[in-house]
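Q: Quick mapping for you: the protein sequence lines, in order, are chains R and P. Counting from 68, one number per residue, gives the positions in the first sequence under our numbering. Counting from 68, one number per residue, gives the positions in the second sequence under our numbering.
Quick caveat, the hints were computed from the structure, so don't treat them as lab data. There's no promise every hint is true.
Because identical chains share one entry, a pair is satisfied inside a single copy or across any pair of copies.
What the hints assert, rightly or not - Pairs of lysine-lysine, DSSO-like flavour, derived with a Cα cap of 27 Å: (1) 248 / 129; (2) 213 / 201; (3) 129 / 304; (4) 69 / 201; (5) 94 / 213; (6) 99 / 248; (7) 94 / 129; (8) 304 / 94; (9) 129 / 213; (10) 201 / 94; (11) 94 / 327; (12) 248 / 327; (13) 327 / 115; (14) 218 / 99; (15) 213 / 115; (16) 213 / 99; (17) 99 / 201; (18) 248 / 69; (19) 129 / 327.
Computed from a predicted structure; not experimentally measured.
Number of protein chains: 2
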Amino acid sequence: MKPDEWERLLLGVTESVWGNIAHLALKGEGGKPVGVGASGDRTLRADKAAEDELMEALLRVKGTRVLSEEAGLRGDPDGGTLVVVDPLDGSSNFARGIPFYCTSVAVVEGDSIDRITVGVVRDLVNGDVYHAVKGRGAMKNGARVKASRVKEVSRAVLGIDMSRGGAEFVERLAPLIGRAKRQVHFGANALELCYVADGTTDAFVDLRGSIRITDIAAAYLIAAEAGVEFTDAGGRKLRAVFDLEHRLSFVASSNGVLHKEILRLCGPAGLGRA
Amino acid sequence: MKPDEWERLLLGVTESVWGNIAHLALKGEGGKPVGVGASGDRTLRADKAAEDELMEALLRVKGTRVLSEEAGLRGDPDGGTLVVVDPLDGSSNFARGIPFYCTSVAVVEGDSIDRITVGVVRDLVNGDVYHAVKGRGAMKNGARVKASRVKEVSRAVLGIDMSRGGAEFVERLAPLIGRAKRQVHFGANALELCYVADGTTDAFVDLRGSIRITDIAAAYLIAAEAGVEFTDAGGRKLRAVFDLEHRLSFVASSNGVLHKEILRLCGPAGLGRA
Chain R
68 MKPDEWERLL LGVTESVWGN IAHLALKGEG GKPVGVGASG DRTLRADKAA EDELMEALLR
128 VKGTRVLSEE AGLRGDPDGG TLVVVDPLDG SSNFARGIPF YCTSVAVVEG DSIDRITVGV
188 VRDLVNGDVY HAVKGRGAMK NGARVKASRV KEVSRAVLGI DMSRGGAEFV ERLAPLIGRA
248 KRQVHFGANA LELCYVADGT TDAFVDLRGS IRITDIAAAY LIAAEAGVEF TDAGGRKLRA
308 VFDLEHRLSF VASSNGVLHK EILRLCGPAG LGRA
Chain P
68 MKPDEWERLL LGVTESVWGN IAHLALKGEG GKPVGVGASG DRTLRADKAA EDELMEALLR
128 VKGTRVLSEE AGLRGDPDGG TLVVVDPLDG SSNFARGIPF YCTSVAVVEG DSIDRITVGV
188 VRDLVNGDVY HAVKGRGAMK NGARVKASRV KEVSRAVLGI DMSRGGAEFV ERLAPLIGRA
248 KRQVHFGANA LELCYVADGT TDAFVDLRGS IRITDIAAAY LIAAEAGVEF TDAGGRKLRA
308 VFDLEHRLSF VASSNGVLHK EILRLCGPAG LGRA
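Produce the complete structure using the sequences and hints provided.
A: Shown next, in the form of structure tokens:
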């Protein structure tokens, strides 16, 4: 299928997921655990509902494999196109009633992060949609967006995920956090990366080494198309393996100048974790 | 005026503020700086609009003084009732397009934090309103709410504000952050305290020593009425001076067991800053 067709399909199906998840949230029913997913994480009813809907729509496309956090790898084993899905990023937010979670779908025509051709991240609270087709720029609700021009950490709003990092890990990030204008963390990394893409925040840093490619594939393309610098903690190009076992650390900054300062300040945190 | 009358007035006027701020946000006009407020902070058009509306409604009540971040102290100098206002908490979020900001109004019949009789915090993104009348419990959108029963930091979602704290300050908080299930920070402290009140999160910690009583007076009553433990970093009862000069540090936890562990883990950060 062509990128345009994928774009239309993904915009449509994620809109439908938004409607269904909003319905579950209203009824207060989506937060119930229903099992454990292929990734080993707990699956909520809302995770399952979002995944079922995405799977049904995506597996109808011939020659397609789908990799998802809950269901694992499905579809045509010889399929040339891989679709990478995180049905509900921010499940814990959903379960606790924090209004910040999203769904994330990316199309990959190959096995490297450069071969992500379409990415869609939809905010499942208000329906906002961030998306990109490779080479055509990043969009929010159909309008072109760009990363911010903030060039100093002391003027930057930084998203940093430190969940379950341990005291020593947090200590290593102290020079970065302590210098930032503001440290924020909302709890759904794909959507927080889209905030960097459209200039809402200035960077997002996750050096815990626990993120999966399913979590960030779509947001990676959207951010890259918006001009965001995206590397591992050592400043190297991000390398991805498209399965649920490999884990990543990354720094995403709105521009190269800010990126350099962030890498310098959190350098030691990254060594050994990159 | 009686607490019931204040309750009605504040619920009504904050609803109207919500409508007007939503309108400014839609037009993309509220983020323009228009001066510097009485507190020394930059005033945005949205701050000014929210404050003007609140001031007009509150100063109509006879025998009332109003203390607000932008305008300072206004109204009847001999007025026995003090109304404490933060027109737009989370101004920076508003300016950057992060959908998390609120308005906060508290009525005080005396000069201590125990004499706060009515508190209203309204989410200016979705209109949700948290409020309390002293002795009658805490409400969200008119329904009674309570703090969570999570008793261990390792299972807790902790809100922590570290903005501009410096590296050493962050290092001292590392044992707490590193142990938490999740650290979050959304950027509007009054609303984040209401999240503790209704069990959305489990605690909120701000030991920077930079919060004003105007920022948290309403949320303090709402949290206290929901069963939240609220002390300074040394575990002492919070003392407040109702002006714009005094600054506070505080720890607010959903219950006493969790509170004790948090104080123990962040103890050194609080010494000298409480």
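Q: Hint by hint, where does the structure go against what was stated? Just the numbers, ascending.
A: Numbers 1, 3, 7, 8, 9, 10, 11, 13, 15, 17, 18 and 19, in rising order.
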